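Engineer: If you read the protein sequences in the order shown, they are chains A and B. Heads up, the first sequence stops at 519 in the working numbering, and the numbers go up one at a time, no gaps. Heads up, the second sequence stops at 536 in the working numbering, and the numbers go up one at a time, no gaps.
These are calculated hints, taken from the structure and not from any lab test. Be careful, since some hints might not be right.
To be verified - Derived pair list, reagent style DSSO-like, types lysine-lysine, alpha-carbon separation capped at 27 angstroms: (1) A:K156 with B:K525; (2) A:K160 with B:K505; (3) A:K173 with B:K474; (4) A:K487 with A:K512; (5) A:K507 with A:K272; (6) B:K447 with B:K474; (7) B:K519 with A:K173; (8) B:K174 with B:K519; (9) A:K156 with B:K447; (10) A:K512 with B:K71; (11) A:K156 with B:K126; (12) A:K272 with A:K487; (13) B:K474 with A:K507; (14) A:K227 with B:K126; (15) A:K370 with A:K65; (16) B:K114 with A:K429; (17) A:K507 with B:K122; (18) B:K474 with A:K160; (19) A:K156 with B:K530; (20) B:K174 with A:K173; (21) B:K519 with A:K160.
In this text, all values refer to a predicted model and were calculated from it rather than measured experimentally.
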Amino acid sequence: ALHCDHATMAQNGTIENGLARNTSPLPQPVKIPEIKHTKIFINNEWHTSIKGKKFPTINPATGVKICDVEEADKADVDEAVRAARAAGQRGSEWRQMDASSRGRLLHRLADLLERERAVLATLESMDTGKPFLHAFFVDLDGSIKTLRYYAGWTDKIHGKTMPVDENFVCFTKHEPVGVCGAIIPWNFPLLMFMWKIAPALACGNTVVIKPAEQTPLTALHTGALIKEAGFPPGVVNIVPGFGPTAGAAIGSHMNIDKVAFTGSTEVGQLIKAAAAKSNLKRVTLELGGKNPCIVFADSDLQSAVEETQKGAFFNQGQACTAASRVYVEEAVYDEFLRLSVERAKNIAIGDPLEPRTSHGPQINQHQFDKILELVASGKKEGATLECGGCAVEDRGLFIHPTIFSDVKDHMRIAKEEIFGPVQCIMKFKTQEEVIDRANGTQYGLTAAVFTRDIHRAMSVSAALEAGTVWVNCYNALHAQAPFGGYKMSGNGRELGEYALAEYTEVKAITLKLSERLTL
Amino acid sequence: MGVRGVSALEAVQQGVIYGCVSLLGSVALTYESLSHTSGVFHFKTHHFFTSNSGQSRIFINNEWHDSVSGKVFSTYNPATGEKICDVQEADKADVDKAVQAARSAFSLDSVWRKMDASERGKLLFKLADLVERDRAYLATLESLDTGKPFLSSFFVDLQGTIKTFRYFAGWADKIHGSTIPTDGEYFTLTRHEPIGVCGQIVPWNFPLVMTAWKLGPALSCGNTVVLKPAEQTPLTCLYIGALIREAGFPPGVVNILPGYGPTAGAAIASHMGIDKVAFTGSTEVGKLIQEAAGKSNLKRVTLELGGKSPNIIFADADFELAVEQAHQGVFFNNGQCCTAGSRIFVEEPIYDEFVRRSVERARRRTVGNPFDPTAEQGPQVSVEQQRRVLELIQSGITEGAKLECGGKAPLSKGFFVEPTVFSDVQDHMRIAKEEIFGPVQQIMKFKTIEEVIERANNTEYGLAAAVFTTDLNKAMTVSAALQAGTVWINCYNALSCQCPFGGFKMSGNGRELGEIGLKEYTEVKTITMKMSGKKS
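Using the sequences and the accompanying hints, generate a full structural model.
Structural biologist: Here is the structure:
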């Protein structure tokens, strides 16, 4: 499970609210004296950038530079694409490999991630600012499980035979698309890396992947593990760099057959346009969300308060699934609000490497400023600030968990993706009304409904325009279940069996026979 | 899995270095040739067993038990006729104990039933890793107990076993139900739930592979198992018990009962506490199993039974390939395969040459000690089997087929039969109708495609078939017309755990392997919810 919350970790007997639940020792961050992998990874080798440029990656908890990383630009992407193309050409080792052997390689990579789990979780925490234990139990667990899940699919990607009319025989083969470009965000760097490469490799593609410039380190470390696992050179190539340069080069490359992007809706539109203008490469997009949570009066209120709040504040609110619009039925609105505020005030903010911490800094100054600007707009537009709403004093990029009540649908905080720890709580009266309001957005990524009534659960989940609907839970993501957006939250689906369709071309092979076959 | 007739010689040519293992300890084996070294091969000696380990006993609840009756039986090395060791003999009372353990491991709140599906997958992966770790040991034990050449055990049986476990490991969290747009104000979803306690009875020709074919899908789907290996070959299966425990399967999930068909086997088939039985073996016994299931509790039944598989060679075929594949198809595993291509129909223009070349090839087939790396063929599994094969060969001679080569037992020691080829075989002869389960190749002549399809299908069996031709139309027409669960085109015994396998007609019920193999180990539950209004 990729459950992104403490409750799940607690179920796993690990931590609850960042505290030890049983006597087994908590995993500890690892001392990392020197970052080993800071270069561009092409053909299973480490390269400096062709232009000779580097960029720094910063620890958002301290503002201190962690290290410099080689900056990939168009020329480096070209190199990577050449390598990926060669690795995926007919007759190559990768294309000749048994499907089950591809599965073995993915399993081996999962084993290596497990071996390096503490190192990777530490790196992830340093580079993103997310609490170490979250990185360890959520990001790493999800990454490993995603790899293992797709390892199992490799030799189960079935074509079909069709009973076509007359004297023909028809069967399908699900073939890899080719070279897949992938552009991933900074909020779950390693997990998104695996969501991209695992299905791509399971289907036999080769990959050119660009980690976010804010968080390249775990991706690059994984490059070394990909080589160690025994993937042939060129199957996975990692090009750390910026969106307008390396990212754009991937989006418009004539020799990339498919691009998968996770990030903002704005950039998603650019990617799709670039794909169309270049070679009509296939596109999958996982974009923004302004996800509604609907809490009915008959729900388990305590649980609804917890789930919606974790949904809003998990990963410092930096999640495309963030539960940023909470609609509460009139009868329980005041009580829900009181419990939510009480709970938000108890969130432990601090050093991400400390086990008690459950709330770290935002990723960078730009995001920090944008969040506070939206908070200001909320106040100005007349929402009631119940708690938070400001930075933690003397602590750089930390923002207090923030709750607004009396939020109206037309306010910016109710419409725009904030990507910060800001929970907007609204009131509703009827089911019809709340469905309309919940769907009144350009987004359609996730939604949740809290109720004990089976009819309501089924009818509301059917009516919501969202790729994922959680009933009495939130952020319950699993490698086995598809994930993706309606409307402007994206195109296509990741995870589950569904993702395989995004990484395969279907070839129908039709044979003409001299006579009709017997049934 | 490629039971593609990997001969010992081919393996040698592949230049593979392997270890061969000597067995010590509780099984108390000393087999001198195991420590034999030749110029080519380097034999290592490992000591896996300690003297008190239990792998010749009954495996229930992850523990080793003596039989309730106190009885033991002996297992023999068919290459020498010598006893390997005594094994505890399970009977009805032991089956009862095992079913109780399996039932309790399957109870609603058990660890096994509450386990994440992906976790079941991880356990199966671990099991595959352990089999891989002990690969040389298991291959040695398999050869010792069955008489099959060590290199075959190593490259075919062990490979197939490991791959099957891994394949079904991957399925564990991909066994999808569906949601269904039912009419009216309803919403329907299905769950594919485990059936419950599965009884499994496996044969002696591929003891380990058959164990994997049974355990893999059963465990992947979340069932618990009571498994009986053949009395001729219990050793590798019992060793798997030790690995099941080491992998971390909860107690009672897999229980292994060495014993005989009429006692332990019958107890499984007619047990009221067993929900499904899977059997691989003879058609005769298969019928008994199905009958017992009917008379007891209507347990679900899957059967993989006998075959008399036709192999059709057209004049336009790649001749060399056809001769070699037809040879391997019938002689592989000393002819002891349900898939054995024992009826070879050759198109008239190439018949004589095909016979000549097949005889030449059969004469070159090296028979000998299974641990001799140049041996392609070992002994039959038992003296009974040897006698039966020789008796059928005699009937062929009596009925007028032409014995081209072989036909005798070459050595005084062990249960060997010479590679035997008959030409001028007519469809009515016993050797053309009965499953021989020995190294005996029947070569018939045909003239037209319609004729050969009819003759090929004219049998109660329908397990496998093959067609050799370079003509696309012929290949597709014949493969569509053949009544067989598997048809190979220009290949033979190309089995793979990803593909379904099973029989038409009296060769069996149901399918093993592939995605479809999961169906035989799940019950589908339809959950329909009344909705308050129609929802799109």
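Engineer: The structure should be examined with respect to each hint, and the outcome stated for every one.
Structural biologist: Do the hints match the structure? See the list:
1. For the hint pairing K156 of chain A with K525 of chain B, the CA-to-CA distance comes to about 24 angstroms; that is within 27 angstroms, so the pair holds.
2. For the hint pairing K160 of chain A with K505 of chain B, the CA-to-CA distance comes to about 25 angstroms; that is within 27 angstroms, so the pair holds.
3. For a cut-off of 27 angstroms, the pair hint linking K173 of chain A to K474 of chain B stands: about 22 angstroms separates their Cα positions.
4. With a C-alpha separation of about 42 angstroms, the suggested pairing of K487 of chain A with K512 of chain A is violated against the 27 angstroms cut-off.
5. Simply put, K507 of chain A and K272 of chain A have alpha-carbon atoms about 24 angstroms apart, close enough for the 27 angstroms limit, and the pair holds.
6. Annotation: proposed proximity of K447 of chain B to K474 of chain B holds, straight-line Cα distance about 14 angstroms (limit 27 angstroms).
7. The straight-line distance between the Cα atoms of K519 of chain B and K173 of chain A is roughly 23 angstroms, inside the 27 angstroms bound, and the hint therefore holds.
8. Among the hinted pairs, K174 of chain B with K519 of chain B is consistent with the structure: their alpha-carbon atoms are about 13 angstroms apart, no more than 27 angstroms.
9. The hinted pair formed by K156 of chain A and K447 of chain B fails the criterion: a straight-line CA distance of about 41 angstroms is larger than 27 angstroms.
10. Taking the CA atoms of K512 of chain A and K71 of chain B, the gap is about 63 angstroms. The hint is violated against a cut of 27 angstroms.
11. Distance restraint check for K156 of chain A and K126 of chain B: the Cα-Cα separation of roughly 20 angstroms lies within the 27 angstroms cut-off, and the hinted pair is therefore satisfied.
12. For a cut-off of 27 angstroms, the pair hint linking K272 of chain A to K487 of chain A stands: about 14 angstroms separates their Cα positions.
13. Annotation: proposed proximity of K474 of chain B to K507 of chain A holds, straight-line Cα distance about 24 angstroms (limit 27 angstroms).
14. Using a Cα cut-off of 27 angstroms, the hinted pair K227 of chain A and K126 of chain B holds, with the two alpha carbons roughly 23 angstroms apart.
15. A distance of roughly 22 angstroms separates the Cα atoms of K370 of chain A and K65 of chain A; the hinted pair therefore holds under the 27 angstroms criterion.
16. A threshold of 27 angstroms between alpha carbons decides the hint, and for K114 of chain B with K429 of chain A the separation of about 40 angstroms lies outside it, so the pair is violated.
17. Simply put, K507 of chain A and K122 of chain B have alpha-carbon atoms about 33 angstroms apart, too far for the 27 angstroms limit, and the pair is violated.
18. At roughly 22 angstroms between alpha-carbon atoms, K474 of chain B and K160 of chain A fall within 27 angstroms of each other, so this suggested pair holds.
19. Of the supplied pair hints, the one linking K156 of chain A and K530 of chain B is violated, its CA atoms being roughly 35 angstroms apart against a limit of 27 angstroms.
20. A threshold of 27 angstroms between alpha carbons decides the hint, and for K174 of chain B with K173 of chain A the separation of about 20 angstroms falls inside it, so the pair holds.
21. Between K519 of chain B and K160 of chain A, the direct Cα distance comes to roughly 18 angstroms. Compliance with the 27 angstroms bound is thereby established for this hinted pair.
Comparing the model with each numbered hint stated earlier shows that hints 4, 9, 10, 16, 17 and 19 do not hold.
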